[in-house]
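Engineer: Letter by letter, the chains look like this.
There are 2 protein chains.
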Amino acid sequence: MAKDGWTRPAREALRPDRGFRLADLDPSSTPGWKGDSEDAEARLAEVGLELAELQERLFAQSRTGGSRSVLLVLQGMDTSGKGGIVRHVIGYVEPQGVTHRAFGVPTEQERAHHYLWRIGQALPEPGRIGVFDRSHYEDVLVVRVHDLVPPTVWGARYEEINDFEKDVVDSGTTVVKVALVISPDEQRARLRERLDREDKRWKYKPGDLDERVLWPRYTEAYQAVFDRTNTDRAPWFVIPADRKWYARLAVAELLTQALRDLDPRWPPVTFDVEAEKDRLDAQVL
Amino acid sequence: MAKDGWTRPAREALRPDRGFRLADLDPSSTPGWKGDSEDAEARLAEVGLELAELQERLFAQSRTGGSRSVLLVLQGMDTSGKGGIVRHVIGYVEPQGVTHRAFGVPTEQERAHHYLWRIGQALPEPGRIGVFDRSHYEDVLVVRVHDLVPPTVWGARYEEINDFEKDVVDSGTTVVKVALVISPDEQRARLRERLDREDKRWKYKPGDLDERVLWPRYTEAYQAVFDRTNTDRAPWFVIPADRKWYARLAVAELLTQALRDLDPRWPPVTFDVEAEKDRLDAQVL
Numbered sequence: 001m002a003k004d005g006w007t008r009p010a011r012e013a014l015r016p017d018r019g020f021r022l023a024d025l026d027p028s029s030t031p032g033w034k035g036d037s038e039d040a041e042a043r044l045a046e047v048g049l050e051l052a053e054l055q056e057r058l059f060a061q062s063r064t065g066g067s068r069s070v071l072l073v074l075q076g077m078d079t080s081g082k083g084g085i086v087r088h089v090i091g092y093v094e095p096q097g098v099t100h101r102a103f104g105v106p107t108e109q110e111r112a113h114h115y116l117w118r119i120g121q122a123l124p125e126p127g128r129i130g131v132f133d134r135s136h137y138e139d140v141l142v143v144r145v146h147d148l149v150p151p152t153v154w155g156a157r158y159e160e161i162n163d164f165e166k167d168v169v170d171s172g173t174t175v176v177k178v179a180l181v182i183s184p185d186e187q188r189a190r191l192r193e194r195l196d197r198e199d200k201r202w203k204y205k206p207g208d209l210d211e212r213v214l215w216p217r218y219t220e221a222y223q224a225v226f227d228r229t230n231t232d233r234a235p236w237f238v239i240p241a242d243r244k245w246y247a248r249l250a251v252a253e254l255l256t257q258a259l260r261d262l263d264p265r266w267p268p269v270t271f272d273v274e275a276e277k278d279r280l281d282a283q284v285l
Numbered sequence: 001m002a003k004d005g006w007t008r009p010a011r012e013a014l015r016p017d018r019g020f021r022l023a024d025l026d027p028s029s030t031p032g033w034k035g036d037s038e039d040a041e042a043r044l045a046e047v048g049l050e051l052a053e054l055q056e057r058l059f060a061q062s063r064t065g066g067s068r069s070v071l072l073v074l075q076g077m078d079t080s081g082k083g084g085i086v087r088h089v090i091g092y093v094e095p096q097g098v099t100h101r102a103f104g105v106p107t108e109q110e111r112a113h114h115y116l117w118r119i120g121q122a123l124p125e126p127g128r129i130g131v132f133d134r135s136h137y138e139d140v141l142v143v144r145v146h147d148l149v150p151p152t153v154w155g156a157r158y159e160e161i162n163d164f165e166k167d168v169v170d171s172g173t174t175v176v177k178v179a180l181v182i183s184p185d186e187q188r189a190r191l192r193e194r195l196d197r198e199d200k201r202w203k204y205k206p207g208d209l210d211e212r213v214l215w216p217r218y219t220e221a222y223q224a225v226f227d228r229t230n231t232d233r234a235p236w237f238v239i240p241a242d243r244k245w246y247a248r249l250a251v252a253e254l255l256t257q258a259l260r261d262l263d264p265r266w267p268p269v270t271f272d273v274e275a276e277k278d279r280l281d282a283q284v285l
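Protein sequence lines, in the order shown, are assigned to chains A and B.
Note that full-length UniProt numbering gives residue 13 to position 13 of the first sequence, counting from 1, and the numbers run on in steps of one.
Note that full-length UniProt numbering gives residue 200 to position 200 of the second sequence, counting from 1, and the numbers run on in steps of one.
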């Protein structure tokens, strides 16, 4: 058994408080965790199994009328580790229980709709864990940084997003929003690795470096997101992510806690178990 | 390293030939495999990693215009192990690379359309492995066994399905169709386990026993499926599945071979790698 290296629950240690300043966060820190990377891997293996079982219970409930689901929103700069979270945390959950969706530059069809339309289309069904790799927050991040719409337009979106998320939560979906925060130096190292490795190079595009120089503006845009959309209903968790092992464990803990809170139980039996055993034994095929 | 216990490739050993009789198949046999269950588990771990990497290459290709995908169609009686295949084989593939869809009794919306409509909606996007837990074959299986439509209607569906699958294959999706075959005795044991275990009981419904007595009619309906839809383009593989470890390994081999045939490569680099390294090093943030 892994020893539990948390000194504070992840959901407390990672929730930005009122005076939170993203610029002051140390991306190599491990808030609330006193163990090392090996401890973290052992703990991840443990919490991953719990996550898988809780999801299966939630799924079982959905087969008998349960309406609950969980949505993990992943945001972060290029190379911040969103894909690794999907692989190493969500990978514990059986494929049947996961709905994964990556949001890129909107397609022509998507652009013909309100920016929240494609988000609404991709919400998880009851019993599932939905994962958004990027999300509607790009509409106040990349859109804001690049002035893709006027400030009055993106400026109105924070409240729209809060209203939208309220509806999502009210309809039975627990929303867990995670921002992975890396340092510019760590990003340089990871981009360098993408350039060095044949099996990673396809993830690189020259435009990544043009985005990179906008780092201060992204920091500002993320700060506004945390200031204006960190609701109790759909809270943000800001995760230092220079250490991949910490970020993965932290997300696993947050997601598992969200499922624990739903306390999903195996559905009640609606038939006479002993009578069914007798029927089964009596059948001759 | 696991020793490779195959005496014949899975795709040869499991492809029904012209005179194939389902009623003659031994569901506890392990065609083409001379190893035991431990050998099979070791081999599965090996082939699972290969499957994951091949899928990632296919995904990388899809980001640069590749149109190929793979569809695994899973059919089989209740408790034949479809869910276990998803968990223990597809579980090797990163969640981003998988589109899973279970087909149950059609919804009202689905019934308002042609029976192939919902299938077409669920086909995998380029780069993905799609998994159908049940499929359009239910429209010539449960529908035929229960006389849900007249024989002239279901009778016309075999050719419709062949035509439909031709279109799917022509548009770039490799189709691998798998039927998991268990014995009535094995099914009794597995249903019994569902009744015995609190965490399995939700999967049981009394109607399962009413289906079970129709075993001979299902055997007949499956035979017709193999006789009429086992095309070279979209072949069937019939897998004895009383031994779960064999069925899982066999599906992993078939799926991996389908991906090997596509021979997905990391996409060619479209930029000057050394120049990008220099740009990256020169950036001061």
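Hints may be right or wrong, so weigh each one.
No copy is singled out in the list; a pair is fine if it fits within one copy or between any two copies.
[Said to hold, decoys possible] Taking lysine-lysine and the PhoX-like style, the derived pairs with C-alpha atoms no more than 25 Å apart in a straight line are:
| # | residue 1 | residue 2 |
| --- | --- | --- |
| 1 | K200 | K277 |
| 2 | K277 | K244 |
| 3 | K200 | K166 |
| 4 | K166 | K34 |
| 5 | K205 | K277 |
| 6 | K203 | K166 |
| 7 | K203 | K34 |
| 8 | K34 | K205 |
| 9 | K203 | K277 |
| 10 | K166 | K277 |
| 11 | K244 | K34 |
| 12 | K205 | K166 |
| 13 | K244 | K166 |
| 14 | K34 | K277 |
| 15 | K34 | K200 |
| 16 | K244 | K203 |
I should point out that these hints are in silico values taken from the structure, not numbers from a laboratory.
Just so it is clear, the structure is predicted and the values come from calculations on it, not from any experiment.
Engineer: All the hints need checking, so say for each whether the structure fits it.
Structural biologist: Okay, the hints, checked on the actual structure:
1. Taking the shortest Cα distances, K200 and K277 sit within 25 Å of each other only across copies (14 Å), while inside one copy they are farther apart (54 Å).
2. In this assembly of identical chains, K277 and K244 lie within 25 Å of each other by CA distance solely across copies; the values are 23 Å between and 49 Å within a copy.
3. For the homomeric pair K200 and K166, neither the shortest alpha-carbon distance inside one copy (38 Å) nor that between copies (34 Å) is at most 25 Å.
4. For a Cα distance limit of 25 Å, the shortest separation of K166 from K34 qualifies neither inside one copy, at 35 Å, nor across copies, at 58 Å.
5. For the identical chains of this complex, K205 and K277 are inter-copy neighbours only, at 12 Å across copies versus 61 Å inside a copy, given an alpha-carbon limit of 25 Å.
6. Taking CA atoms no more than 25 Å apart as the test, K203 paired with K166 passes in neither setting, with 35 Å inside one copy and 33 Å between copies.
7. Taking the shortest Cα distances, K203 and K34 never come within 25 Å of each other, neither inside one copy (33 Å) nor across copies (41 Å).
8. In the homo-oligomer, the alpha carbons of K34 and K205 never lie at most 25 Å apart, since the shortest distance is 37 Å inside one protomer and 48 Å across protomers.
9. When the C-alpha separation of K203 and K277 is checked against a cutoff of 25 Å, the pair qualifies only between copies, where the shortest distance is 15 Å, while the shortest distance within a copy is 55 Å.
10. In the homo-oligomer, the alpha carbons of K166 and K277 never lie at most 25 Å apart, since the shortest distance is 46 Å inside one protomer and 45 Å across protomers.
11. Proximity of K244 and K34 under a CA criterion of 25 Å is satisfied intra-copy only: 15 Å inside one chain copy versus 42 Å between copies.
12. In this assembly of identical chains, the alpha carbons of K205 and K166 never lie at most 25 Å apart, being 36 Å within a copy and 36 Å across copies at closest.
13. In this assembly of identical chains, K244 and K166 lie within 25 Å of each other by CA distance neither inside one copy nor across copies; the values are 31 Å within and 44 Å between.
14. When the C-alpha separation of K34 and K277 is checked against a cutoff of 25 Å, the pair qualifies neither within a copy, at 51 Å, nor between copies, at 36 Å.
15. For a Cα distance limit of 25 Å, the shortest separation of K34 from K200 qualifies neither inside one copy, at 32 Å, nor across copies, at 38 Å.
16. When the C-alpha separation of K244 and K203 is checked against a cutoff of 25 Å, the pair qualifies only within one copy, where the shortest distance is 18 Å, while the shortest distance between copies is 37 Å.
The earlier numbered hints that this structure contradicts are 3, 4, 6, 7, 8, 10, 12, 13, 14, 15.
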